[in-house]
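Protein chains in written order, with this note's numbering: chain A, 294 to 650; chain B, 10 to 463; chain C, 66 to 378.
Bear in mind the hints are in silico, worked out from the structure with no lab data behind them. It is possible that some hints are incorrect.
[Said to hold, decoys possible] Restraint-style ranges between C-beta atoms, simulated for each label pair: (1) C/Leu144 with A/Ile384: 28 to 36 Å; (2) B/Arg258 with A/Gly499: 54 to 62 Å; (3) A/Phe560 with C/Leu282: 51 to 59 Å.
[Said to hold, decoys possible] Residues of chain C clear of chain A, computed beta-carbon distances all greater than 12 Å: (4) Ser103; (5) Ile111; (6) Leu129; (7) Leu141; (8) Phe180; (9) Pro189; (10) Ala212.
Glycine included, C-beta positions come from ideal geometry on N, C-alpha and C.
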Amino acid sequence: MGFHLAEKIKQCYNALHNATPKQKVVGTVLLLAALETVFLFFHDSAVFWILAYGLVTLALIFLVLANIIKKSLAAFFFVVPALAIFSIFYIYPFFKVLQLSQHAWDGISPKMVFVGLSNFVEIMKDKIWWVSMRNAGYITLIALTFQNALALALALACDRQIRAKNFYRVIFFIPPVLSEVVVGLIWRWIYDGDYGFLNYTLNLLGLHQLTHNWLSDPNTALTCVAIIHSWKGFGWGFMILLAGLQTIPKELYEAARVDGANVWQSFKNVTIPLMIPVFVLVMILTILGSMQAFVLILSMTGGGPGYHTEVPVTRILASMQGSSMFGYACAQGLTFGVILMMVSFAQMGISRKLKQA
Amino acid sequence: MMNRSGIFKKTLSSLPLFLLFAGCWLLAAVFMNGCGTQGAQAPQAQAAGKKIIIWHWMTDREEAFQELAKRYEAKTGVKVVLELYAPSDAYSQKVRAAAQARALPDIYGLLGEKRDFAAFIKAGHVANLTGAMEAQGAAWKNLLYEKALAVNEFKADNPYGVEPGIYGVPIDVMNIQMVYNKKLFQKAGLDPERPPKDWAEFVADCQKLKEAGIQGLVSGWGEIWMIDCLASNFAFNIMGPEKVLATIRGEVPYTDPDWVKVFSLFKEMADRGMLASGIVTMVNKSAEQNFANERSAFAFNGSWCVNVYHGMNPSLEYGVMLPPKVNLKNPMYIWGGAGSSLLVNDRSLVKEEAIAFLKWLTATEQQAYLSETTRNLPSNRKVSGSIPAILADFSKGMDNVTHPNIWPVNELPKVIERFDKGIQSIIIGEKTPEGLAEELAKLKAEEMAKKGNQ
Amino acid sequence: MRLNKYTLTQHASGFLINVFLIIVSLTCVFPLLWMFGSSLKTQSTIFSDMSIIPGAMHWENFYLAWTKGGFGVYFLNSLFYTTIVVFGIVMVSSLAAYAFSRMNFPGKNLLFFMFLAAMMIPLPGSFVPLYVLVNNVRNVLLNAMAASTPFLLKVLPENFVYGTTSFIESQFYPRTAYILCMINVGLSFSIYMLKTFFDRMPKELEDAARIDGCSRLGIWRHVALPLAKPAIAVIIIYNALNVWNEYILANLILSSKNLMPLQRGLMVFQGEHITQYPLLMAGMTITVVPILIIYLVMQRFIIKGITAGAVVG
Numbered sequence: 294m295g296f297h298l299a300e301k302i303k304q305c306y307n308a309l310h311n312a313t314p315k316q317k318v319v320g321t322v323l324l325l326a327a328l329e330t331v332f333l334f335f336h337d338s339a340v341f342w343i344l345a346y347g348l349v350t351l352a353l354i355f356l357v358l359a360n361i362i363k364k365s366l367a368a369f370f371f372v373v374p375a376l377a378i379f380s381i382f383y384i385y386p387f388f389k390v391l392q393l394s395q396h397a398w399d400g401i402s403p404k405m406v407f408v409g410l411s412n413f414v415e416i417m418k419d420k421i422w423w424v425s426m427r428n429a430g431y432i433t434l435i436a437l438t439f440q441n442a443l444a445l446a447l448a449l450a451c452d453r454q455i456r457a458k459n460f461y462r463v464i465f466f467i468p469p470v471l472s473e474v475v476v477g478l479i480w481r482w483i484y485d486g487d488y489g490f491l492n493y494t495l496n497l498l499g500l501h502q503l504t505h506n507w508l509s510d511p512n513t514a515l516t517c518v519a520i521i522h523s524w525k526g527f528g529w530g531f532m533i534l535l536a537g538l539q540t541i542p543k544e545l546y547e548a549a550r551v552d553g554a555n556v557w558q559s560f561k562n563v564t565i566p567l568m569i570p571v572f573v574l575v576m577i578l579t580i581l582g583s584m585q586a587f588v589l590i591l592s593m594t595g596g597g598p599g600y601h602t603e604v605p606v607t608r609i610l611a612s613m614q615g616s617s618m619f620g621y622a623c624a625q626g627l628t629f630g631v632i633l634m635m636v637s638f639a640q641m642g643i644s645r646k647l648k649q650a
Numbered sequence: 010m011m012n013r014s015g016i017f018k019k020t021l022s023s024l025p026l027f028l029l030f031a032g033c034w035l036l037a038a039v040f041m042n043g044c045g046t047q048g049a050q051a052p053q054a055q056a057a058g059k060k061i062i063i064w065h066w067m068t069d070r071e072e073a074f075q076e077l078a079k080r081y082e083a084k085t086g087v088k089v090v091l092e093l094y095a096p097s098d099a100y101s102q103k104v105r106a107a108a109q110a111r112a113l114p115d116i117y118g119l120l121g122e123k124r125d126f127a128a129f130i131k132a133g134h135v136a137n138l139t140g141a142m143e144a145q146g147a148a149w150k151n152l153l154y155e156k157a158l159a160v161n162e163f164k165a166d167n168p169y170g171v172e173p174g175i176y177g178v179p180i181d182v183m184n185i186q187m188v189y190n191k192k193l194f195q196k197a198g199l200d201p202e203r204p205p206k207d208w209a210e211f212v213a214d215c216q217k218l219k220e221a222g223i224q225g226l227v228s229g230w231g232e233i234w235m236i237d238c239l240a241s242n243f244a245f246n247i248m249g250p251e252k253v254l255a256t257i258r259g260e261v262p263y264t265d266p267d268w269v270k271v272f273s274l275f276k277e278m279a280d281r282g283m284l285a286s287g288i289v290t291m292v293n294k295s296a297e298q299n300f301a302n303e304r305s306a307f308a309f310n311g312s313w314c315v316n317v318y319h320g321m322n323p324s325l326e327y328g329v330m331l332p333p334k335v336n337l338k339n340p341m342y343i344w345g346g347a348g349s350s351l352l353v354n355d356r357s358l359v360k361e362e363a364i365a366f367l368k369w370l371t372a373t374e375q376q377a378y379l380s381e382t383t384r385n386l387p388s389n390r391k392v393s394g395s396i397p398a399i400l401a402d403f404s405k406g407m408d409n410v411t412h413p414n415i416w417p418v419n420e421l422p423k424v425i426e427r428f429d430k431g432i433q434s435i436i437i438g439e440k441t442p443e444g445l446a447e448e449l450a451k452l453k454a455e456e457m458a459k460k461g462n463q
Numbered sequence: 066m067r068l069n070k071y072t073l074t075q076h077a078s079g080f081l082i083n084v085f086l087i088i089v090s091l092t093c094v095f096p097l098l099w100m101f102g103s104s105l106k107t108q109s110t111i112f113s114d115m116s117i118i119p120g121a122m123h124w125e126n127f128y129l130a131w132t133k134g135g136f137g138v139y140f141l142n143s144l145f146y147t148t149i150v151v152f153g154i155v156m157v158s159s160l161a162a163y164a165f166s167r168m169n170f171p172g173k174n175l176l177f178f179m180f181l182a183a184m185m186i187p188l189p190g191s192f193v194p195l196y197v198l199v200n201n202v203r204n205v206l207l208n209a210m211a212a213s214t215p216f217l218l219k220v221l222p223e224n225f226v227y228g229t230t231s232f233i234e235s236q237f238y239p240r241t242a243y244i245l246c247m248i249n250v251g252l253s254f255s256i257y258m259l260k261t262f263f264d265r266m267p268k269e270l271e272d273a274a275r276i277d278g279c280s281r282l283g284i285w286r287h288v289a290l291p292l293a294k295p296a297i298a299v300i301i302i303y304n305a306l307n308v309w310n311e312y313i314l315a316n317l318i319l320s321s322k323n324l325m326p327l328q329r330g331l332m333v334f335q336g337e338h339i340t341q342y343p344l345l346m347a348g349m350t351i352t353v354v355p356i357l358i359i360y361l362v363m364q365r366f367i368i369k370g371i372t373a374g375a376v377v378g
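Working from the sequences, and respecting the hints, build out all of it.
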């Protein structure tokens, strides 16, 4: 019996392991469809929780057994602490949000109305949601280019032997540690229409026609917010890129110089290839950070004027707090998460292809 | 260099460090326990006297509350433990989460709209205080402003299906009006004792101010509820309460000329340059800085501003006025009522004691103390005398007060949001009053249909 | 003195780089100076007097902020949470990241994918289930303790039993729950970040250690961790800042003032309507200092990666 079980698990694991990416995607979709069917019948009852937790428990048992059979239990134990904390503090909230996303619920009353997938259908039709998505995309685009270029330039400069680089390294870390309150106060003052620093400078330069109220003009509000966001965030990119640059063995550069490479060639042939994983890391973190940024936006413009600086997270908060549409907010969160996942994994896939090429 | 990296290796990897952290745990825990009040004495505390736990979000009043709690304990032996959770968003989340876990404290406040309040009552989280209020010839009820109680009251035919009664105790009152800067008035050649009474005067005064290089109205219209507030004031004045409520019920469309007129007022203010620059994205705290630093002549703000302006610019000379009337035949309505209210948890084990404490808190002496130390309008109508003059001026507006929370029906959240954001768009010139009216009428019809289906 | 073309371009580019760095630095330093300057002003001068260093310096703001904000206890609490959480995250995430990077075991890809996904999906309503979870476990714990008390009383002194139970209830449990929550918050990012750096590291040294008879745990501890110092330093800084500035979860999970972290002290100055700006700025200056110190200490390790490279090369 025991032998049979072991054989079965081995077969099962091998089948899963050797599945093509296409099969994996189809399998995941089928699994989700099955879960949704369960939902349709047992959305409110204990059956849902028993099934959900049963599934997780079974998957964990399967993993442990597979690891025993493959004699890799020692390696598996390395991830057990992380897995334990994760399954306590993430899995339950996740299932709860998944459950709520299919209900109309105000966040308070004991009564929830099951509405199936109609929250998601509603999101598809919600124009403002997609406007907010586009705004977040715009902020992300600016962050990816402007912020990352700045971070890379500064990291490269500090990686070289320049004077006082220790000093600069400390300075560049100041924006990330500053509180949003201070950042908001300062930048509101810079952008102010009457007493603002920016308009003052423009007047000094004789560019009177350019002066206006930067944050309440729909043409400039989003860009202004994006610039503050990039300014506040470039310190992290700088730090990670610098850590990446510093872990490139210096001998490689020396070898390149001996071979007669100039600065640009050694940058292209030594730095770039070794830095690609770090670039990907920084890009993914930038995407996630910029798409989910909202504290600064709330304190600078409150999403206004109109809907010009609304982003998905402010929309989620609006549905949750302003409108008491808790279920809808959960559905928005999941939709947003799936989109972020697709973007991030596409990004990782592309860079993997680039690396192989 | 090798030496330093060796140290790092050791610190990260060695067991002693772990023990150090364990020690840190114990040490910190023992130390904190020494400071703590709840810790070791808990079993004895239960034996000695009752304990009421209060959650609140009113940072400005924490000190005064602590002092009152001390006095109450000295007087009755009942210990009052106050826990402040700020800012209000975080507080709201905590209360909602605690409601789900049925772990609410004995007394708490609820930030939200009437339907949230109703949902809490229906879930059994709020005690009905009608009995206590009506006891002894309604002594407690009569002590408090009627308009403040109304916010916490559910009438017999309320649309939420809540058992009628009073469910909360107001601890202060507030209203939202306009203030004007007397010095800037003088500078522009206007009479500082004669603020504009109607729309035409308001427009004319703003024109004069503008000629003197002074900005007109400032307000925190980046927070959309403040736009909602002024627009609703104008709507009540122009068409009267009945028609506004009929619109909310879906009987009058937003394309009605009266509504278009309301929207046009904002367009007029924007077109004539009567608004402070950047008003559409301004948070109220910035607007308050702007007015306190004498950069604008008018501000639309709540009675709490007295305390704010006092802190920022003690020498500011300003007066209170109602927003200018558009329709001279109708009265001007403003928003107001209870500023903050406290509720008693229906599941509390010390319900009676909690109610007794709130009764004590709203008694004249305590209300006078709170009003004096925190510069808020007291909810107790017997308090007078010690209130600053400007605050007393604010309190005169209480007669004109209304509030969404006392209306029999409320507008749908999505419509409110589109309404307020639409006015922002009108101010920046992206939409016309007629365009917004049509958009709202369409959205309202859609949402009503959706509501009907459910 | 004659300058050849090479040194000229060298100087010019050095000059340009420095100008660039100085401009960026100025934009970074200004807010910090403004914050510090504002902390010396009064509520009425803070927005009217725009000078960085005010004429009349109100140093007492720092004293007032410390005492009014009740910073003493909060400061110790924050120090406590930050050290434990950061230590926990570094341990747990580096173990997991090392396994994901260097070992093969069933479920590896799936689990890594799961951690990545967790980083990407925001759970807007997650505070409700989190609170319910923490509260329910607390109730179970309390019931278990209440049930076991009669037996414990027979073998242990009364004071000790009551002292311990109330200690667990009011101190140990809420702190542990908060710490674990915070570890979970920083876990995904840290695992992803560390895996990226482990992947880039040469394997030769580990192979050598394995031949020498080092266990897997030994290799992780003595080879992988020291090599990943720069990445670990970044993780420490990132998570320390995160925990230090956190207050939403603390508000949610902790139920008593004496358990609260530093941000709770700052909230005192940001009322519903009134913000006491000078005290707030003074409080913020106080809270920023430890983070800058952590950064100053840690950024040396970001640089010290050179030696690791030298060893490997």
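Verification of the hints:
no., hint, in the structure
1, C/Leu144 with A/Ile384: 28 to 36 Å, "31 Å, holds"
2, B/Arg258 with A/Gly499: 54 to 62 Å, "58 Å, holds"
3, A/Phe560 with C/Leu282: 51 to 59 Å, "39 Å, violated"
4, Ser103, "9 Å, violated"
5, Ile111, "10 Å, violated"
6, Leu129, "18 Å, holds"
7, Leu141, "20 Å, holds"
8, Phe180, "7 Å, violated"
9, Pro189, "4 Å, violated"
10, Ala212, "23 Å, holds"
Comparing the model with each numbered hint stated earlier shows that hints 3, 4, 5, 8, 9 do not hold.
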